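**Q** Going down the list, the sequences are from chains A and B.
In my numbering, each residue carries its 1-based index in the first sequence increased by 949.
In my numbering, each residue carries its 1-based index in the second sequence increased by 35.
Fair warning: there could be bad hints in the mix.
[Unchecked claim] Between beta-carbon pairs, the in silico distance windows are:
1) B:E110 x A:A1028: 52 to 60 Å
2) A:R1072 x B:P78: 51 to 59 Å
3) B:K153 x A:L1114: 54 to 62 Å
4) B:R228 x A:F1166: 47 to 55 Å
5) A:D1168 x B:K48: 30 to 38 Å
6) A:V1016 x B:R106: 53 to 61 Å
7) B:G55 x A:S1069: 48 to 56 Å
8) B:S166 x A:F1165: 28 to 36 Å
9) A:V994 x B:S268: 41 to 49 Å
Honestly, the hints are just simulated from the structure, not real lab data.
Remember, it's a predicted structure, so these values are computed and weren't measured experimentally.
Positions of the beta carbon are idealized from the N, C-alpha and C atoms, including for glycine.
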Amino acid sequence: MTLDYSAILEDRYFDYLVSGAITTFSLALAAWVAAIILGLLIAAVRNIDFLPTRWFCIVFVDYHRSVPLLVQLFVWYFALPELLPQAFTQSINRGNPEVFFAWVSLTLYSASYMSEDIRSGLRAIPPGQFEAARTIGMNYAKMMRWVIFPQAWRLSLPPLVNQALILFKGTSLASAIGVAELSYQARSIETQTFRAFEAFSLVTLIYMVGTIMIMFFGDRLVARYALKRG
Amino acid sequence: MTVTNEDPILQIKDVHCKFGNFEALKGINAQLEKNEVVVVCGPSGSGKSTLIRTLNRLESISAGQILFEGRDIYEKGMSVETLRTKIGMVFQSFNLFPHLSARDNVALGLIRVLHRPKKEAEQTASELLASVGLGDELHKKPMELSGGQQQRVSICRAVALEPTVMLFDEPTSALDPEMVGEVLSLMKTLAGRGMTMLCVTHEMGFAKEVADSIWFMADGQMVDRAPVSDFFSGDISDRAKSFLKAIH
């Protein structure tokens, strides 16, 4: 059998690929934005000296770190809707429940890892920085905002770039609950044309465009904002 | 010692400080008058740093009382942030903010804590830095400066808030020998302008020349408090005598 890309690039299959790519990229972006915000929130709350909130953060993060992402997707898509109020489930089902629950699981999963990345950045700031900020009369919020966070995020950046890569590729698991993203579309093309190599090599290439973009911009950010210490 | 009729700026009354089972301060009594320059010395582990860190509440005390301008620093309604703007502190390892330029290090407190307009704060910071000979280094980051320059920036950062007292925690101990002089001479200038200062340092030359009194501490206790002339003429405890002998 000879390779023939034209067979899978005809109108219908080309549309599959384009819509799959759009779903993959937008799902990844939406989950990334939400995860960064949630991750910051978890890291900040976890630092507060109040046991109930601290324990909530620990349990939340450790659940998402110890259960496979695929299982989390199943839990959200198949199991939890049974427990959610019916009105809520119905309103989601009117839209696109597969994409919605994929977004929720990916966000929670990534936020847990990102909160740990952010926390490790915070821990790397020397105690003298906290003391110096306190000494010029800053309260906790000002200290975090103007002194600690501007240094910590630079230290967290490399692991956060890593996490963005994992998140981007993790969207492929959403195909298991029926999200028509890139790898789902590749499967469709493959079952309809029997051109497995063509379909998956092309999709591989599209994934690599995404990951190389993330790595490129990540490296640029890291280089630009690298924190130099005396 | 400067004689005034005013209340002492700082009164330290039977102050204890514990870290777990270790008692770092075992009942310290002392007071600091307005315009007074005091050098605190003593062997390492004697509680000097702990003592000055209790004064702006970087360390909490376990018993006793500290009065700043006559008010208990732990009193209800006493804002610890306001207290700290009035008590400047300089650290051994400078602790400049590495992501900010020299000027922004000095301006940060003016802008974010004292809410001065940004332009005005930057102007003040630039002038202050220029007055300590750093007019050409305004836009450099701390790591681009020498140790002595960094310490001068950190003194400006504290002075910019116009504190009533300045605390120095071994400000020259982390410096290369040739940079000690520039920092000490800046401290001398501050003292000359009437700044009230409490300096933990082993620079006995500075003490002789600039200080009004010496506090000698050992094992968490205040062993001697003496006017500088008495201290160096030998009117002190044996403990302090052997300390002086050891560091010379």
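**Q** Output the numbers, in ascending order, of every earlier hint that fails for this structure.
**A** Hints 2, 3, 5, 7, 8 and 9 contradicted; others consistent.
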